[in-house]
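Asks: Position chain W against the provided structure of chain G, taking the given hints into account.
There are 2 protein chains.
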Amino acid sequence: MELTWQNSFPGVWETFIDPPRHTLTEFSGVPPATSLRYASPLPRPERISCNKVGHHIVFRIPLLPNEYLFGGGLKFQRVSIDSEVYHLRMDHSSGVDNGCSHVPTPFVATTAGFGFFCDTIDDVSLYMATAQRYKDKDRIIERDRTTDDNWRCNNPPYFMEIAVNAPGVKAVIFQGESLRDCICRFNLYCGGGFLPPKWGLGVWHRTNIKMDARQVQELAADYKRHQIALDVIGLEPGWQSKAYPCSYDWSKERFPDPADLIGELKKQNIRVNLWENPYVSEHSSIYQELKRLSGSHLVWGGIVPDYALPETRKILKKHHEKNHLDYGVSGYKLDESDGYDAWLWPDHAEFPSGLSGKAYRNVCGVLFQRFTTEMFKARNQRTYGLTRSSNCCAVSFPCILYNDRYDFHEYVTALCSCCFTGTLWCPELHDAKNAEDFLRRMQLIAFSPMVLINAWATELRPWMFPEVETAVRQVLELRQQLLPYLYTAFARYHQKGLPPIRSVFMDYGYYLQTDNSAGKLDATKNPYQVVNEEDINDQLIFGDSLMVCPIAPGTKERTVLFPPGNWYDFYSGQLISQGKDRQTFPVDINTPTPLFVPENKTIPLLGKDKQWTLRSFGPDPEPVDLYEDDGESDLYLRGQFQWFRLYPDGRREQIQKEDAQ
Amino acid sequence: MELTWQNSFPGVWETFIDPPRHTLTEFSGVPPATSLRYASPLPRPERISCNKVGHHIVFRIPLLPNEYLFGGGLKFQRVSIDSEVYHLRMDHSSGVDNGCSHVPTPFVATTAGFGFFCDTIDDVSLYMATAQRYKDKDRIIERDRTTDDNWRCNNPPYFMEIAVNAPGVKAVIFQGESLRDCICRFNLYCGGGFLPPKWGLGVWHRTNIKMDARQVQELAADYKRHQIALDVIGLEPGWQSKAYPCSYDWSKERFPDPADLIGELKKQNIRVNLWENPYVSEHSSIYQELKRLSGSHLVWGGIVPDYALPETRKILKKHHEKNHLDYGVSGYKLDESDGYDAWLWPDHAEFPSGLSGKAYRNVCGVLFQRFTTEMFKARNQRTYGLTRSSNCCAVSFPCILYNDRYDFHEYVTALCSCCFTGTLWCPELHDAKNAEDFLRRMQLIAFSPMVLINAWATELRPWMFPEVETAVRQVLELRQQLLPYLYTAFARYHQKGLPPIRSVFMDYGYYLQTDNSAGKLDATKNPYQVVNEEDINDQLIFGDSLMVCPIAPGTKERTVLFPPGNWYDFYSGQLISQGKDRQTFPVDINTPTPLFVPENKTIPLLGKDKQWTLRSFGPDPEPVDLYEDDGESDLYLRGQFQWFRLYPDGRREQIQKEDAQ
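Taken in sequence, the protein lines are chains G and W. Each step along the first sequence adds one to the number in our numbering, with nothing skipped, and position 630 is 632. Each step along the second sequence adds one to the number in our numbering, with nothing skipped, and position 300 is 302.
There are no misleading hints in this set.
If you only want the chain W side, here are some residues facing chain G, beta carbon under 8 Å, derived:
1. Ser85
2. Glu284
3. Gly304
4. Ala344
5. Trp345
6. Pro348
7. Asp406
8. His432
9. Asp433
Hints in this document: simulated from the structure, not taken from any laboratory. Glycine is no exception: its CB is placed at the ideal position from the N, C-alpha and C atoms.
Chain G extracted, bound-state conformation (with noise of 0.2 Å):
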């Protein structure tokens, strides 16, 4: 099949496959950010071929040598792709990473700067680097495994195979320098980063799921008595009525007067976070106008309204204004639009906005997503919540993506893995074994994009390990002390696309040396030799340059991987690494969590005294740039902010956006 390609941005091409079908962006409905048509422009990639076959569009592109994979959907257990198959589909995570995830992108993107977008609802298999076809057998060698050590189970990487089981499909590709520039296109194209308000980078507590308004204020008490800054409190199902399906109604007996408790809240600096999931108790004051803009299956009994249609967002907005924003509730958090599958509505339910049960759940998350942003924006407010589902057309949507699972590993690796996704990732702290278990979970979330303790079932408090408490201290302070650095890199996320926490492969592509000799043949444990090329799960960029190496709980040891070029320690200004070498370093309790700057990179930290301090690395530091705006309102996207320059000698300028690095 010919493909049309049309050049809508630099570096973007379309093409539209008859007949037309949904597609993600129209669910989000935000256009391309603006700052995409300043890009450079670049050549169309030429290497893509496209087929249709039986119910499916199948796209075909060669891949050249050492180009590596990256993306499709949110990962739990690596982050580069090659050689596995995703058959993508909104699910919660099972932590095995086959395509089921709740962020099931339709996107890939490789270290030769390319990207893949299959814009569409219609589900979409990704066959990464794993298809080889008759036509092309002269590349591909024979082997036979009997008498040859070199035999190897996983496919040379020639090609990857997209296949989207639709008649019709919507795709685009992305060229950039790199795959960070790739990524960035991207993020433009879906709308570019949201930008969270200032204090949404603080702390953040969710209550146990009985708390009542007055055991609410005790706990902001005891925050305050044992001097840790509390940022905002998200009431969990407790706060409503009916809860599991959801009234969206104010408990009468927990929370009597709720504009009093919130009111009393703001005045400590404390904002207010709801938690809802989309499944509506008759007991609702909603229920009514509810009940004909819903689908054919219930949910824990729960009537399930169908976001797709305008109507039931308005009676959603209308509600939510009234019985929420007014009171001064600050944002929200939507649990289980991700499903699973044994308690959420089947596949082949009915929608009253024709959707099917499958497509409507694909898209749930984002429509909340995009309602209650819209409820925000037209109070000229910034808000911060949660979701438990998206996808990359919601890039600018101002929610994190989190879920239940609680492997230290996992966690770590989807906070490295989301920002191929067209989302940000966080780890929650639910519970701790012991102290050093807290610990290292309260050092992973220092370093999220939100830093979230979610009591909801437990009674946990930062307090509430004596013998880690000055480390904890520590780490919230340097969290603290980041904040203008932090809030800086969301700047860059919504002005250039680049996510603010990300892979190391994203900044410095796939460094690692690949071993192509045969995995090691085991009769239980790996009967097919399978070769699981190095991966790097564990290490992320934390806004422009440093590189966080989360401790695991229970680790006497840490290896890091050093990308290209000369490293030092954060905390010692030492030289470490010259550059791609394996290092371990001991670790025991008394170790914060690793930090390490590149060469000639400057780090501003402010006190609590409103004063800079610098830490320059290397012989030659450069300056560092920084964004500010009011920190709460929209004016930002009507050229209220600035941005200036610190230079390692205390200097100060103001520069343009345009400049700003």
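Replies: Just chain W now, with coordinates in the frame of chain G:
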């Protein structure tokens, strides 16, 4: 949609929803067994409704109180399937029960004696007592999770919904007097179970892939030296000139004179079985012929011939007959036909028969069994082999399912659950961590449809752990003594559809006390308070009545949940349980596999001296019926067999087939 059910056989109703689609049963080409005509007629269950919804045909079946569900393909974690959702797909088994497995049978059966079979190769999703509809809202009770401790995430088991992603489908319902009766009808409908040759029930040893003819002879001599009767040697990939992909031609270096080798082994009563996979090397003598009959994609560089074309099967038959069967080969093992996404052809691959890659994947293993079975049938010779993928329509083909996982509990669960899928499954012995591990695995395979040591990547031998040699010999001797009993169980599988090895639930229903209280909330491990209803995935019925309770390696005790009735210990003859109780026994390395016998049953053992020992249990023991025929030809299909009855006092009398129990 109004369904028209046609009463094809007693207790069996078929319906056809247009347009016509490929059925599963058309690929096996096997008609229902004639004995199905003699089943008792039963009324049609009236409770099914059906709708076309978007791309789906949806069947909805209300459940009766205490009606429990089984089937939905092979399982590795649980046997009962209430509250689960399965999207059936042919795939290797990852250990997670999500519908992907190498036996994705689209069939569900219940303890009310009801069975539902979607005879289709299209996608089927099973919502097992999970879906709730708005129109049933009056039956469904909402609970507030914050205040009601009886809130549970699992939906009450009111309905099952089965969705087929196709415009047309053939569906079949079965009605039996019990779960067991329903399964028997289903197996007969699929052609009736296979009867293996007697030699197939002895000991099998598969060789290391690099082994040559001389080493194979030595292996046979080693078995003889150690006085362990070896019945089948399976040659793994290295018998071929090329493998992975395969030539199907003998390696001239390793096997210069296969006819001589096979003849020599035959003299020692040892049969030879050949390994292959469906991927063809360009070095194969039939590569040129198969090239144009193959799919669009390669696997390990090999072409994938389309077994759905009669011409392909003809070429393979001709080659195999001339190069293998004429030399005396007794059967085959087909590997890798279940696929592992990362190296299989993709779902969108094109096959010359017109089947999609996904559809072909579903039937490839069935078609292999079909053509290999046909080759032997044409010689009036029985075969017995292995296949890595299958489906219910292959119930009459003498192939056992296996895979490459190695977890003991998964093995036992699969042995239990396969009886609901129209297939038989066997664990393999690949390797052992220590003597106890070896013994427990040996004791497990001794109660499997095939006693299979697969040393393809090791040098494992039954005598490698002298400290457990006596125990190993004991269980192999017991297997030997039980052969007539087991062979009779296979005859029952053939004549009545009753699986020779099966879950206790099949014979006794779901006899557990269910606990309907909510699951225990745990913030990190069970945030949804998931209630896992009790399951029995480690107790088998072996043959007519023996309950086998395998002991897992490393276990210090074994808990048994006794079905109703009085139960006796097989070894001591003592009354152990009066039914429906839970007993825990201490075990050590000297404890043989616990075996229990229901009251008044008689277990016949045949000694090396051809003398019967009848072990009777309880005050009023019944006689036992046994089946006999020539053990290796197909003459039994023309009536050349007999049934006889052994009385506890030693009397023996010939009986009619119709009278046999």
